[in-house]
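Colleague: Residue-level listing of the chains:
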Amino acid sequence: MPEPVVGTPNSEFYQLESGVKRDVKLRHVVESQQFTVPLLMELFDRARGMERVVARGGSLDYQNRIMATLFYAPSTRTRFSFEAAMHRLGGRVLSTEHAHAFSSEIDAEQVEDSIRIIGGYADVIVIRHHQEGGAKRAAEVSTVPVINAGDGNGGQHPTQALLDLYTIFRERPLNGLSVAIIGDLEKGRTARSLAYLLAKFERVRMFFVSPPELQMRRDILEYLDEHGVHYEMESDLNRVIGEVDVVYQTQIRPERARIVNRQQFAIDSTVVRRMKTEALILHPLPRTVELDKSVDDDPRALYFRQARNGLYVRMALLTMVLENR
Amino acid sequence: MPEPVVGTPNSEFYQLESGVKRDVKLRHVVESQQFTVPLLMELFDRARGMERVVARGGSLDYQNRIMATLFYAPSTRTRFSFEAAMHRLGGRVLSTEHAHAFSSEIDAEQVEDSIRIIGGYADVIVIRHHQEGGAKRAAEVSTVPVINAGDGNGGQHPTQALLDLYTIFRERPLNGLSVAIIGDLEKGRTARSLAYLLAKFERVRMFFVSPPELQMRRDILEYLDEHGVHYEMESDLNRVIGEVDVVYQTQIRPERARIVNRQQFAIDSTVVRRMKTEALILHPLPRTVELDKSVDDDPRALYFRQARNGLYVRMALLTMVLENR
Amino acid sequence: MPEPVVGTPNSEFYQLESGVKRDVKLRHVVESQQFTVPLLMELFDRARGMERVVARGGSLDYQNRIMATLFYAPSTRTRFSFEAAMHRLGGRVLSTEHAHAFSSEIDAEQVEDSIRIIGGYADVIVIRHHQEGGAKRAAEVSTVPVINAGDGNGGQHPTQALLDLYTIFRERPLNGLSVAIIGDLEKGRTARSLAYLLAKFERVRMFFVSPPELQMRRDILEYLDEHGVHYEMESDLNRVIGEVDVVYQTQIRPERARIVNRQQFAIDSTVVRRMKTEALILHPLPRTVELDKSVDDDPRALYFRQARNGLYVRMALLTMVLENR
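Residue numbers (my numbering), protein chains in the order written: chain A, 715 to 1039; chain B, 715 to 1039; chain C, 715 to 1039.
Just chain A, with the same shape it has in the complex:
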C-alpha cells in the first residue's frame, strides 16, 4: 500500500468547485483518515461532475473495465450502490452476495490468496469483510486497487463517510460546522469514519450523543485531541439538538437495547421541531426506531438524497483509482 498522502486543510482548495488540480494520487481506499482535504476536494469535484454524467444518461468510457464486489458479509444496498456506479461509468461487474456463507472454499484466513487471484480477473476490488482490518490485509497484497466497503464491527466504512461528508458539502461550508453524531458510537462504523473526516476541517465542533456505555472509543478521541478538534460527549439528545447545523443519526441495534432505551435517542416530528430551521438531518440507513417516518417529508431530511449521493461519490472514487493504475 502506498503511503497515505499527508496534507493539511487548505482553504484555497476548499473554495474551488471545479478546476481542482488533478495531481493527487489515490490507490487503495482503506480508511477515511487517508483522505487529505485536497484529496477530498478533488473527489467532491469529480462527484459533482458525475451528477451531470448520470443526468445525461451515463457514460460508456469504462466498458472494458471490470469491478469485483467481494462481499464476505451481505449488504445489498452498499453493493448495489457500487455496482450501479460501475455500470453508470459503462463498466462491468463480478459480484458476490455473501462469500463468507459459501466458504468451505474461501476461508477467512485465505483472503490474501483470493485477492491475488481475483486481481488477475478484475481491475478493481470492492471488499466488505466481516473482520476488522480485512480490507487493509487485502490492500497489502493486491495487484489492483482495493476499496473498503466496510470491515468488521467497529472497523471502518470510509466510502459511507465520504458520501456523508459530500452530502453536507453540497449544502453547507464545512469549516465552522457544528455536528451532532448520535447512536451507538462505540460500534458504529459510519459514525467513526465520519468523525475522522470532519476533524480535517477548521473550527468544526462535534457532539457525540450516546449513552456512556456506547460512547466513542479512545482511538478516535485521542486522534481528535492530537489534532486540536473540539468535541463534547453528551448523553442527552435534548441538550444539543437545537444547537447544531447537522444531525447525524445512526442506529442502535436491537441487541444493545438492554443497555439503552433506544427511544430516548430517537428523532421524530417532536424532536425535529426543536432543530434549527437550517439544520440538516442525515442517516446512513437502514433505520429502525431511531428515525421516525414522520420526519421523511421535512425539507431538512436529506437521507434519501444522501443515499443517492453514494452513487456519485463511488463513481468519482472508481475513476480516481482506475485512472492511477
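Any copy, or any two copies together, can satisfy a pair, since identical chains are not distinguished.
Simulated crosslink set (DMTMM-like; lysine to aspartate or glutamate; CA at most 25 Å straight-line): (1) K1007 <-> E846; (2) K1007 <-> E826; (3) K850 <-> D1006.
I should point out that these hints are in silico values taken from the structure, not numbers from a laboratory. Fair warning: this is a prediction, and the values are worked out from it, not measured in the lab.
Model the placement of chains B and C on the given structure of chain A, informed by the hints.
Modeller: For chains B and C alone, kept in the frame of chain A given last:
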C-alpha cells in the same frame, strides 16, 4: 401508483397483430387485473417484435439503463428470464439471489426504504417478495417503475400470467376459449393471475380442477361472477380433459400431499391421449409428479416454448415501463 | 451430445504455436478425455491470442452473447474466472452464487428442465453441479453449449485441467514431461482431470504421490494402462521431488486428516530446495497447509500465473463453443 387504466375487452384491438396505438401508459406492474385488453394487445404486439429483435441478435438500445432484481425469495429461472430480457435489450443488471436470507440489514419491514434507495441507483426494480402485497407496498413508494415477480403464497405473479396468455395468444384466438386450470388453485399464484387475465376476454370458459380443499379462493370467484365469466369447479380431471382447448397444469406441492393424492391430477401419456387433437398443454414449471416427461415430445406440449416466451414478454414490458418515465 | 472427436497425439499440430487449422468442432465441455491433442493445440493457440486481447483492453465482439453460470455449489473464484472471461470478450452474464441452497424450486432431480429453460435465455451455460455426472446430464438435454465447471466429489473439473496444462505448455514441451501429482488423488477432481490430459502426450511419466488410502482410483489407472502411459504410485514425497519437471500440488481436505498426516505431503522452503532448478510448482488453489506461503516468492512458483491463465483458457473455450453454434 397511478390509477390502473380501466378498459373493456375490445375486439377491434384484439384482431390487430401490429399497428396498435402506442398511447397506453404503463408504470408499475403489480397485478394482472390492471391489464386491459388494449394494454395486453399492445404488450403482445411488442413481444412479437422482440422475437424478431432476439433472432437478429438483440439490441443495444438500453445500454445506459439499469434494472435491479430485488429477490427476497430465490427463483433462479424467473430472475434469469428478467435479467436475460434486460441484457437482450442491451441493458445492465443489479442482482440479488436471496435478499431475505441476508437481511440483518434488509428487514422485511423496511422494504419501503430499500425501494426508495434502490430507485436512486436503478431505472426499474423487479421485486419478488415473500409476503403477499410486498410488490404493491414497493410500488406505492417507488420513484421508478416496479415490476412484481411474485409475492407471497397466494399473492400474484402477473408476468407469468402474461407470458402464459401470450403463449396461448400465439396459437389460438382468446375469445371463446375453453381452459382447464389444474392443481393447487388456493395457493397457486400463477393459476390465480391467469384466471384474472382470461376473464377479460369474451365467451371464455374456465374449469378449475382441484380437490375441494385446494380450490380457487372467494376473491377470484367473486371477480368472475361480477364480470359474468363462465366457470366450473371440478374435482375430477377426467370429466374435463377431453373438452378443453387449453390444459393449464400447475404444481401441487409435496407438503399438500396429505390432503390430496397428487397422482390423481397428473398428466401423462394416457391422459394426453384423451385430449383434443388441437389442445395446448401449458405448465409454468418447475414440475414434479403432475406432468410426466413422457408428454415432452407431444406436439401439443408447449411448456418449454412458454418459458422462452417469458423472455419476449418481459423484454416488451421493460420497454413499456422504461419508455413512460 | 455430439460424439467426442477422437484423435491421436499429433506432433505436427503440437509444434505449432499459431496457424492451427480452425476446423475442429467443440460443442459441450464435459470431461477432459474428450480433448484430442489437435483440439488442445487449437485451444492453446486461441488462449495465446486472448493474452494479447486482454493486454489490449479486451474485446467487444461478444456484446450480444449471454453466458449463464449455474452454480449449484458455490465457488467464487471459478465463477469469477468464467464471468471475467465472458466480460473480457464483451459478453454478458447471468449468475447464480449458490443455486442448490435456494432450491425448493430448483430440485436436483430437475436439472434437465432447468437447463432446457435456461437454454432459452442464454447462449452458453457454465454449470457446477454437486453430483458426479451432473454436467453430462445437462449436456445431454441442452440446446446450447454446456461447460462443466466441476461436478461432484470425484467427478471432473476439465477447465481447471486445461488451464493447468496450458500453464505447463507455456513453459515447457509437454512430450517427455515428468510430473508429480500430489495430494488427495482419490477425491481430487483437478488431479484426476489433469492425469487424463497428460496421458495424451508422448513419453510422459506421472508420479502419484499420496497415502495409499487416498490414491488414484482404478478408472484412471486402467485408462493409463490401456494407453501405455508410464505411472508410479508413491507415498513418500521425498523419493520423487528431486526427479520431476512439474510438481502439481493439491489439497488434502481437513476431514481427511485422520487418515493422513497432511504435513507429510506439504511443500515448504525446505522441500523446494530439493527440486530441480527448472522445476515448475503448480497448485489449483485454494491452499491450506500443503503449500507454505514461504514458497510464493520462489521463481518456480507459478500458481498465481496459473490462476490468471484460467482467464485466457476460458475465453478461448467460450469462443470455440459459441462459434460452433
